Each structure stands twice: as structure tokens, then as C-alpha cells.
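**Q** Since the structure of chain A is provided, determine the placement of chains B and C on it from the hints.
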Amino acid sequence: MKTKLFALAGAAFIALGGSAFAQSYPSGNIDYIVPYPPGGGTDVLARQLNDQIARSTGWNFVILNQPGAGGTIGMDQLSRADGDGQTIGMGQTSNLAVNPALNPEVQYDPLADFTPIALVNTQPMGIITHNDSPFADFAAVLEAVRAEPGSVLYGTPGTGTVSHMSIERLMAQDDLVFEHVPYTGIAQAISDVMGGVVDIYVGSLPSVMQHVEAGNVRLLAVTSAQPHPLVPDVPTVASLGFDGYLAEDWKAVVGPAGMPEDAVAALNQAVNDALAEPELRAALEAQGSVVLGGTAEEFRAFLADEVAAWANVVDAAGLR
Amino acid sequence: MTFFDNILLGLETALSLNNLMWCFVGVFMGTLLGVIPGIGVLAAISMLFPLTFQLEPTAALIMLAGIWYGTTYGGSTASILLNVPGTPSSAITALDGYPMAQQGRAGVALLMTTFASFFGGSVGIILLMGFSGTISQMALQFSSTEYFALMLLGLIAASGMSNGAMIKGLIMVCLGVLFGLVGSDIYSGARRFTFGLVELADGIALVALALGLFGISEVIASVGKISAKGVDPDAVRFKAMKPTRDDMRRSWFPMLRGSAVGSFFGTLPGTGPSIAAFMSYALERRVAKEPERFGKGAIEGIMGPESANNAADQTAFIPTLALGIPGSATMALMLGALMIHGIAPGPQLMSEQPALFWGLVMSFWIGNLLLLVLNIPLIGLWVRLLTVPYQWLFPAVLMFVCIGTYSVNNSGFDVLLVAFFGILGYVLRYLSFPAAPMILGFVLGPLMEEHFRRAMLLGRGDPMTFLQRPISASVLFITLCLLIWGVYSAMRKRSAGS
Amino acid sequence: MIQNARADIVAGLLICAVGSIIVIYAYGNYPMGTLRRMGPGMFPAGLGAVLSLLGMVLALNSWRSLQANASHDWPPVQFELRTVGLTVAGVVAFAVLLRPMGLIPAVIAVVSISALSDARNKPLGIAVLALILVVLATVIFKFGLGLSFSLIAWNWS
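Residue numbers (the working numbering), protein chains in the order written: chain A, 2 to 321; chain B, 31 to 528; chain C, -10 to 146.
Pulled out of the complex, with its shape left as it was, chain A reads as follows (with noise of 0.2 Å):
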């Protein structure tokens, strides 16, 4: 079935150029562009919520990946293919809201480019510690480093990751400084957080649960706005003093500019319906996401926000 699924995808592509929008939607295959290689957590994703969404609906999507430059390439991609509501796609933080405010590269405008359709899922970060730390508690990490700044030295699967401008953006609201420890992945980062090389770890919460429930480091805080449910006693940094401090990995549907509203609605309606089917929430939240769901005006909203937030942090930090 998949096979001929992928069999399919030429047609589709051929397609394209040619078909106008129908009354009914959709019509035909779904393009849907995943910017990052299979097998990736953006990749696993779209293709959970697809699968779902295909099984009620009887829509054929056929997944692009289109990896390259942190996500960068795909949405450049996604932005300009024709907004008849036939090709969609998967953005997320990274590559909608802080990208295109810190590469001067980046050609598309997360606002004017895109239609939003839905929010998906949101995962915070967790920043970890060794078990032999000095640090209790992250009230410890804040007093260190007020004490004596650039004295924390803090490690991240890598620059302009959520996980960098998560620190990045604690620095801009209260003059703090830490010092910046980059990391490809979190391969080598978690062996040098256990070995106490660098002082803490910043990383998305369910990277590095595993982790912690295996004893090996010890969680200190998350950076959502509400207490995440798996992990319920940790506090979050806006609970320390960081009133509105916000800083997550959350997934969107996204489409080009211009789509026909009906397509918005009925996209929107199926994302949202497939959320709610017990199964797949079930499964997201086992990976540590919190669900999201919504209308496409929330979302506009939202991204809205986020581009803004972003935008100031990279600004502040002196970044671009």
C-alpha cells in the first residue's frame, strides 16, 4: 500500500501545474513537505498525524522530504509552491519563528508566506545537571551566575536550536550571562553533562528524559509556561522570576500564501479531528509532547507572537 503510495507521487507532481482548485477538497494527492530526512522527530510526527488523518478521511498524502539548512530549504520550498491548498507542510520553531529572524539567508516572511492551519504539538526544553552538581536546584544555577556571570557553562545540541535561544532569551530578560557550549546533537553533549564538563544541559524534554529516568543526570527545570504534566514537581523557569518567559519546540501545519478558505477549514477540521482520536494523543504524549490542536486564527495569532518574541531575542543577543 505504501509503495503504491509512493508510486503515486509522480502523478501528483505532474499534476500540479495543471489542476485548479475543485469544489470538493482536496483533489487528488496531498504534497506534504517535511523539512527535515525520514526518520527524524518532524518526520515521525507528519507521518503519525497523517496516517490518522487518511484512515478517517480517505485523503492520500505524499510525504517530500526535503531536508537542508535547518529546515530552512523545505519551507523555502513550501512558501512557493501554488497556494491551491494541494502541497502543505510541517514548520516548527525553529524554522518559522527563529530562522528567519537570525539567518540574513532566509528569503520567505513566516507571516506574509505561509497560511497557517493548524498547531500540532509543543514540547518544552528540559535543562538537565549531573548527579554530583553543586547545583540543587535551578534557583542555585541563577545565583551562581548572578554571583558570577559566565561562571555556568551550558551545553546545547546547537547554535540557533531552541534549546541556545532558550538560555538566549533568559539572558535578554534579566542581564544574565551564561557561557555558550554548543554541541552537534546531543550525543556527545549528555557524555560531557554526566562527566561534569559542562555545568548544565539544555535540551528538549523528551531527549532527555530518557536520561533522567535513567538516573544518570537530574532534571532542574522546563522552560514551558505550566508545569509539564510528565514531570509535574519540576518547575518551570517563569515560575523563578521569568514572568511570560516561554521557550518551546512546537509543530505546525503550515501551507503557502493565498489558500482558498475552505481548504484552511477542512485541513484544520481533519488535523484538529485526528488529535482527538484517543490513540494518537495518547502516543504524543508518551514522547512528551503536550497536544495543541485549535483554529487556524489562533494559530495565526500565535505565530504571530512567536515571530515577534524570537525576533526580539536575536535582536537583544546580538545574533544576526
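Quick caveat, the hints were computed from the structure, so don't treat them as lab data. Computed from a prediction, not measured in an experiment: that's the story for all the values here. The C-beta atom is built at its ideal place from N, Cα and C for all residues, glycine as well.
Residues of chain B placed beyond 12 Å of chain C at every Cβ, according to the derived structure: (1) Gln132; (2) Leu170; (3) Pro273; (4) Asp277; (5) Glu382; (6) Leu411.
If you want the footprint, here are the derived chain B segments under chain A, 3+ residues with CB under 8 Å: (7) 75 to 85; (8) 229 to 238; (9) 438 to 445.
**A** Coordinates of chains B and C only, in the frame set by chain A:
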């Protein structure tokens, strides 16, 4: 005692008819895909990844693992037959495997490669089962300082691995590092040497560099020179695959040394099989009585690296299982497959899902056996490929190179890069610069910079940090000795020559 | 391949020049940073310096051995300019044509252009070869692996 329980549990899982079948399917498809130039492990697993959604998790992982070593083996096959390697380790295999094929000994090379893979893989598996706790503690001792020292050692060793002057090898290593630096700087995010091209933001694709440097330049150099690649039809019979007594005698020690080298490097996340294969080749050349045979079809030159690279593939699981750290991109992808099935990959995987874990480990062993069985009939088929007249074969090779490269990132730009590196490769070949050190420089260069800068950052800007830590100090000492030795033997050769 | 002192002098000087350009380019375009927190320019600049040093050593060494020995010939191997041109043109044509026109025209282009570089290939043979490879590529990559490119398209944008 738990050791044997684990083996039994693993065998029971891996030998179930269903899993055995998926293992076979994976190995088979992997081999076929791997033979296509440009389709490496990562690309093959990405392409076939969606097929595994419908399977239950153990079968899915076993199939992915099958694709993994099937592709690796297929890659070696293509490198030996046509000199079109897509990865650093198959570039090493091609160094002596391709000359063997040209001498009509392709069958021997392919068969012996399978043995070496099986042998190295087995050593790795035994270490994985018996000593993963100890070894992973050792891996924790390695931080950026040690990694930098090891990579420097690897690059210096690689520069002395070809028959030409060491200085040319060093130059090629540096050029490789330079190409490796293209793309986003991981510390500042600055785009370096990208000249405003977004396609270069993630750097130059490894496949494009490897296929251009080796594959395209090989085609250019061969067009019009060879008719059918000098293969007589007898070479495709099974008898011609049989290694001579001399081949066997020469193979044992390289396989042992290769497995040891591979097992060590495999346990260090991120360095893995490619550096292992290079180190093993450099080592074999150094201990050989007649190093000038290397590069001209020395069987030691394929046995050592092939077993090293497979041992490393296995021991790469050690940090994954003991610490939950994926050792390579491929490993991360396979762990990602678990997520689809709602299993959190991580340090507890072994205790929470023992059947899955040990089933996977044992399926590696069985998969390697299947590879052996599968390839004995296939080798005849592959070698027959060489009887196709070269003027028809090379356009087909170019086509596969193009499509294979494109499919890795769906990028036409990468295909243009292949053309660029094809020209560069031919020019360098014309000027007799060895290409293999460049590919290692390319792979290790960015890692070396990353670790060097991080070590300096963590060492508060004091370069002495490299000498204060015992492991890195001793590795650097060995590196220095190698360099001095290289310079000394070059001078001696010159004074002997004049 | 044959080691040739004269060619090595040229190569060494060329490498030396490339290294120097890298140093200048890195110095001019990227911040150097400090020893503790190195900027993006530090490592490339250092590397460029090492490269030009190595190039210099190669050129000097070869010059000395040229003085010692009397081999004044250029490499006896001919530089196959025509093959380079046609092979590379074929690959480039594939890269350029694949997205806008699809797999079939791209395969025909790479096969027929590159096949011309071997004088033994005649037009009819090339046509047959191209046909076979088009079928092969379509079956393997399109229907077998389901890769996401169209077979034939018209999509120049």
C-alpha cells in the same frame, strides 16, 4: 550466566521465522541498493524507512539492520568492481580491491570481503555482549580534548598511507579539511565559504565529494583506455572466487588487527567506522614487509579495513545501549524507528525490552551469515558486470551516480558538486596526488575543529589542556613520533636516491 | 601514477597560492575571536597557513630533486580534455534538467552526452543504450523505490 541467557533469548527472537524473513529481505534489498553508486546506508535506510511502519518493532529494527550491513557490503562491491565508493570506508576498500578486480581477481576480493566483514562483525558482537559496561565507562573518559588528539593522529596516519610522498598526503588531508569547513559554523552559525548559496549551508555532501573524486575521475581516466575491464569469462565461475593459500595466509593477521582497531574506534561516538578503516589500512601498510604492494591489489589492504569497519559498526552499539547515546546518524535513525512504535530509545532499552535488544544483536550475526550465503551466488553475477564493454558500462555508471547523488538530499545542486569534484579529482590524479587522504580530511576536519574549539573553550583558552590530560598527551606523543618517522624516512630515501 | 618533479613544482606553488587566498579570505570575512572563544575565522586561517607552508615545501623539495636528476619531461600521460568536458557536461545536464523536465530527459542527456566521449560509440548504439537505461532507471528508482521525481514534466520556474 546472564551472558548465555541473553544469547539464548536473542537467538530465539532472531531465529523466529518472521524475523528471519525480514532480516533476509533487508540484507537482500540493502545489497542491491548499496551496489548503486551514491546510495549509502543512510540513504537506503531513509528510502526504505516507510516500509517498516507496518512491521512490529523487533522485525522493523531487524530489517533496518539488515539493510544497513547489506548496503555497506553492496557499497564495497561497487567500489571493488568500478571504483565508485560513496563512503570513506568503501573508498579504502577500493584502494586495493579495484586493482584486484583489474587483475581478474574480483571474485576473490568480493568473497574475502565478506569473510572479513563477518569476522570483524563477530569480534565486535562478542565485545558488545561481554564488556559493554567496562567499555562504555572508558568512552566516558573521552571528551573533546581526547577526540581532537585522536583525530589528529588519524589524519597524520592517513597522509602516510599512499605510495607517493607523505607531503602530498598531508596536502590532500588539508584540502579535505578545507572542503569540510564549508557550511555553517557550529559555534557562531556564520556561513563559511558558501558564497551566498543556501545549498551549501549544511556543507558539501559527502557522497558528492566521494563520487566525484573517485567515481567520475575514474571514468574520465578509463574512457577509451579499456575495452571490457580485462575480465575473462572464467573469472565468474565459483572456482575463480576461491582464494589461494597465499591469500588466506596473508589475511589472518590483518583481520585480527583490523578487528581490534575497529572495536576501539567504534566505541567512540561520532568517529566510528570511517576512521577505523583508515587507521587499519595505515597500520597494515606500516607493518607490511613490502608496503609498495599496497594500492596495487594487496589483499591485506582490504581484509584489515573491512574487518575494522564492521567491528566498529558493532561496537558503536555499546555507547548506544549503555548510555543511550546514538553513535552515528544511522544509529540515530534506527532509534527513531523505535519512536514510531512508541518505544523510547534510551539506556533502559536493554532492561525493558531484552528480547528486542538481544534479538537485534543476534540478528546482526545471523544477518552477516545470510550475507555470506546470499553473496556467493551474487558474486558471479556482479563479476559478470565487468564483461560488459566499458564504452556501454560507463554511461550507465554516470547515470547511477547522478540519480544516486540526487536522491540523498533531493538536490540537483549535489549533482553539480559531483561534476565539480570529478574535474578536481581528475586534475589531482593527473598530478599524482592521492585522493583517499582527502576524504578522511573531509570527514574528520569539521569534527576536529569542533573538538579543538570546544576543548579550548572548556580549557579556558589554555592550549596546555591538550598536554595536561594523560590520554590526549599520549595520543599526541604517538602522532608526533609518526610525523618525525615520516620525515626521517623521506630524508633517508632522498639521500639514498642521490 | 608517475611522480614528476616539474609538475610537482607547479602543483606546490598552486597549493601555496590557494592556502594564502584562504588565509586572506578568512581574515577578511570572518571574525577571529580569542583563543578561548575562537571565531569562525581562526581555524580556516590556521589551516590556510599550514596548506601554503606544505605547498611551499613540496615546491622546494621538487625543485631540489629537479636539480639533482635530469628528468625534465612533463607527465607522459595525456590530459583528456575532451573526455573531461563531455563527462562533466553530461552530469551537469542531468542536474539542470531533472527538476524542470523530469527523469527521462535527464537520463537521456547524461547518457548520450557522456557516451560521445568514447569514439567507439555510434549514434545508433547510444540511442539503444539510452533507451535501455531510461527503462532501467524508471523501473528501479520510480516504481521500485518510489523516489519523488516526475518522469516527464515541463516546469521551468
